[in-house]
Amino acid sequence: METVIHSHEPGLTRRDFLIKSTLAGAGLVLGAPSILKAVGGAEAPSNMINVGFIGCGKQHEVVFNAMVNIPGLRYTAVCDIMKDRVGAAYGRIRSRFGYDPKRYIDAADMLEKEKDLHAVIVTTPDFWHAPHTVMSLQAGKHVYCEKMMSNSIEGARSMVKAMDETGKLCQIGHQRRSNPRYIYTLKELIQRHKICGRIINANAHWNRAVSSSRDITVPAKILPDKGTLLKYGFGREGQNLTDEELQRRFLNWRLYKDLSGGPISDLGAHQIDIFNWFFGGPPKSVIASGGCDYFKDREHFDNVMCIFDYDTPEGGARAFYQVLTTTSAGGGYAESFMGTDGTIEISERSAYTKIYRESGSAPSWEPLVQQGWLKKAAAAGPADSSDAIASYASAAPEAFALPGDLNEPPHQPHLANFFAAIRGEAKLNCDAREALESEAPIYWVNPAAERNEIIKLTEEHLHT
Amino acid sequence: MRAILSGVEKYAGTSTSSSPVSIDGAVNSYGLTDATSVKVYTLANYHGVPKALYDKFLAEPLIPDWGLKIYDLILGPAFIALGIALLIGFATRFTLFAMGLLYTSLTVGLILINESSGVAWLAIHIALIALMLFQVKHNKIELTGKWKL
Numbered sequence: 001m002e003t004v005i006h007s008h009e010p011g012l013t014r015r016d017f018l019i020k021s022t023l024a025g026a027g028l029v030l031g032a033p034s035i036l037k038a039v040g041g042a043e044a045p046s047n048m049i050n051v052g053f054i055g056c057g058k059q060h061e062v063v064f065n066a067m068v069n070i071p072g073l074r075y076t077a078v079c080d081i082m083k084d085r086v087g088a089a090y091g092r093i094r095s096r097f098g099y100d101p102k103r104y105i106d107a108a109d110m111l112e113k114e115k116d117l118h119a120v121i122v123t124t125p126d127f128w129h130a131p132h133t134v135m136s137l138q139a140g141k142h143v144y145c146e147k148m149m150s151n152s153i154e155g156a157r158s159m160v161k162a163m164d165e166t167g168k169l170c171q172i173g174h175q176r177r178s179n180p181r182y183i184y185t186l187k188e189l190i191q192r193h194k195i196c197g198r199i200i201n202a203n204a205h206w207n208r209a210v211s212s213s214r215d216i217t218v219p220a221k222i223l224p225d226k227g228t229l230l231k232y233g234f235g236r237e238g239q240n241l242t243d244e245e246l247q248r249r250f251l252n253w254r255l256y257k258d259l260s261g262g263p264i265s266d267l268g269a270h271q272i273d274i275f276n277w278f279f280g281g282p283p284k285s286v287i288a289s290g291g292c293d294y295f296k297d298r299e300h301f302d303n304v305m306c307i308f309d310y311d312t313p314e315g316g317a318r319a320f321y322q323v324l325t326t327t328s329a330g331g332g333y334a335e336s337f338m339g340t341d342g343t344i345e346i347s348e349r350s351a352y353t354k355i356y357r358e359s360g361s362a363p364s365w366e367p368l369v370q371q372g373w374l375k376k377a378a379a380a381g382p383a384d385s386s387d388a389i390a391s392y393a394s395a396a397p398e399a400f401a402l403p404g405d406l407n408e409p410p411h412q413p414h415l416a417n418f419f420a421a422i423r424g425e426a427k428l429n430c431d432a433r434e435a436l437e438s439e440a441p442i443y444w445v446n447p448a449a450e451r452n453e454i455i456k457l458t459e460e461h462l463h464t
Numbered sequence: 001m002r003a004i005l006s007g008v009e010k011y012a013g014t015s016t017s018s019s020p021v022s023i024d025g026a027v028n029s030y031g032l033t034d035a036t037s038v039k040v041y042t043l044a045n046y047h048g049v050p051k052a053l054y055d056k057f058l059a060e061p062l063i064p065d066w067g068l069k070i071y072d073l074i075l076g077p078a079f080i081a082l083g084i085a086l087l088i089g090f091a092t093r094f095t096l097f098a099m100g101l102l103y104t105s106l107t108v109g110l111i112l113i114n115e116s117s118g119v120a121w122l123a124i125h126i127a128l129i130a131l132m133l134f135q136v137k138h139n140k141i142e143l144t145g146k147w148k149l
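So the protein lines, in turn, are chains H and Z. Position 65, counted from 1, in the first sequence is what the working numbering calls 65; the numbers after and before it change by one each time, with no gaps. Position 69, counted from 1, in the second sequence is what the working numbering calls 69; the numbers after and before it change by one each time, with no gaps.
These are calculated hints, taken from the structure and not from any lab test. A quick note: this is a predicted structure, and the numbers were derived from the prediction, not measured. A hint or two may mislead.
[Unchecked claim] A short, non-exhaustive set of chain Z residues, derived as facing chain H with CB atoms under 10 Å:
{"no.": "1", "residue": "THR16"}
{"no.": "2", "residue": "ASP24"}
{"no.": "3", "residue": "LEU58"}
{"no.": "4", "residue": "PRO61"}
{"no.": "5", "residue": "ASP65"}
{"no.": "6", "residue": "ILE111"}
{"no.": "7", "residue": "ASN114"}
{"no.": "8", "residue": "GLU115"}
Every residue, glycine too, gets a C-beta built ideally from N, C-alpha and C.
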């Protein structure tokens, strides 16, 4: 009502009213985000865990985005040898939480000055994982370090040793170990209800397209200078590297043997870990083949296929793994456990997850569906279609799905487990020792392919 | 319409609701959930400058933090206000000029962070606005006829 009265005041035309009310409305809209931001609550300081980041590249971003919804964390410091990345990490924290983390170029400097840090997240290149983890543990910090533990098995063993000696927590980023879909599948479907029957084969793959496997490039002006790259181990004086070669090694460290383990370790580590976790121990041998078939100037094989032999309590089993960097077709990334009664094909992506019951031989899963342990899914293609030879083809398996999903970033439960363990509320789902027990066989895949021979895995190969 | 929708989309987000799954008559202890997601428009979703770009701009020495904050706040409402003004013919010349400045400012930001494809895309917008400014004298539906802006 008042608005009507004001609109008839002398000197206020209809045009003025239109302009003023538009401006007032715009002002309300402009102010709204700030008003809403101010409503957010804060955690009590005594419950806060002060977190520092060593390494602020792409993986840092993935991990940070999975942490932002975990309460009780304060991001105190960020560190990377590339100033641009430090600035971006600083910006991410500042824009989301409104406070300023300290910025560092050198990890040792950060650990020396940041006495109040409780935990460090290590997301540096693989060859830096062990040095950064060990120095952080020795500085009295708990560590969450991305997989692969190190580019060498000796580096990984040094991390276990430092964890044992310091008594600090060291979680390795095999995030599937905390994923409720994986835990449920192992504990309920495989171990309790034994829906697969006897698992005799496993099969996993990570198929990545050429377009996703090309060299990473950024403008040279934002990269660290030659002195810095040499200081931080991306090249050695004797190698006589040009600036361009050194910059390529910095941005594409995954391609070099002295900096990483290559695709079998970058991509395969997550999934071969699932073989060892689900089979309950490491394999007894590995045979492999690989080659630089497409990316001919790369040191590591661009495509690798390998077979692990397992002794399980039920008998022998084999697991085939392939990592491709030249083709994405075939379902992205998933792990299949294939048994006499059924197959579970599981992936971090629920779209790639399928469960099949063997028609004819497996007991009915109808009671499991009725109780909610499984969901019925769209049926697989019929075996008796016109392109099938009836006497050769098996009947089409029935398709099922998990009863629920993980509706948060895949790394979040694993990070939440790490912080809960720091508070004494949980046990780590994948500490450095458990991770190395599972990762150790992976270090022998490239040698098996290079030597073209079966490697029998003994205590000498696998010890932690 | 392009400007209005660009502004409105800055309030867009996804509302996901998840509920724990019951198995065998009890809520499962693993954390498995059922989720449904819908696109929603709320003031709380507002991000003037997309998150990924905002972080890059924060690290850009030529863009002061306070300026970025103000720009982030006004960008969405400015798009909507200018779009509506243009659509209803309110101060058309001024509106077009302001809209040209807005798109130019976006272009400058993208140049600073080396987003070349975005720069080319915005150049098309600016060219269209310039063309409209040339033709504005033929606009028959201007509301501010007497004191032409």
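Hint check results:
A least Cβ separation of about 6 Å between THR16/Z and chain H falls short of the 10 Å threshold, and the interface hint therefore holds. Among the interface hints, the one on ASP24/Z holds; its C-beta lies about 5 Å from the nearest C-beta in chain H, closer than the 10 Å criterion. At a threshold of 10 Å, the smallest CB-CB gap from LEU58/Z to chain H is about 3 Å, leaving the interface hint in force. Taking 10 Å as the C-beta cut-off, the interface hint given for PRO61/Z holds, the closest approach to chain H being about 9 Å.
Restraint check, ASP65/Z versus chain H: the minimum CB separation of about 8 Å is within 10 Å; hint holds. With a cut of 10 Å, the hint placing ILE111/Z at the interface with chain H is violated, because the nearest CB-to-CB distance is about 13 Å. Checking ASN114/Z against chain H by beta carbon gives a least distance of about 6 Å; that is within 10 Å, so the hint holds. Violation of the interface hint for GLU115/Z is found here, the shortest Cβ-Cβ separation to chain H being roughly 12 Å, above the 10 Å cut-off.
The earlier numbered hints that this structure contradicts are 6 and 8.
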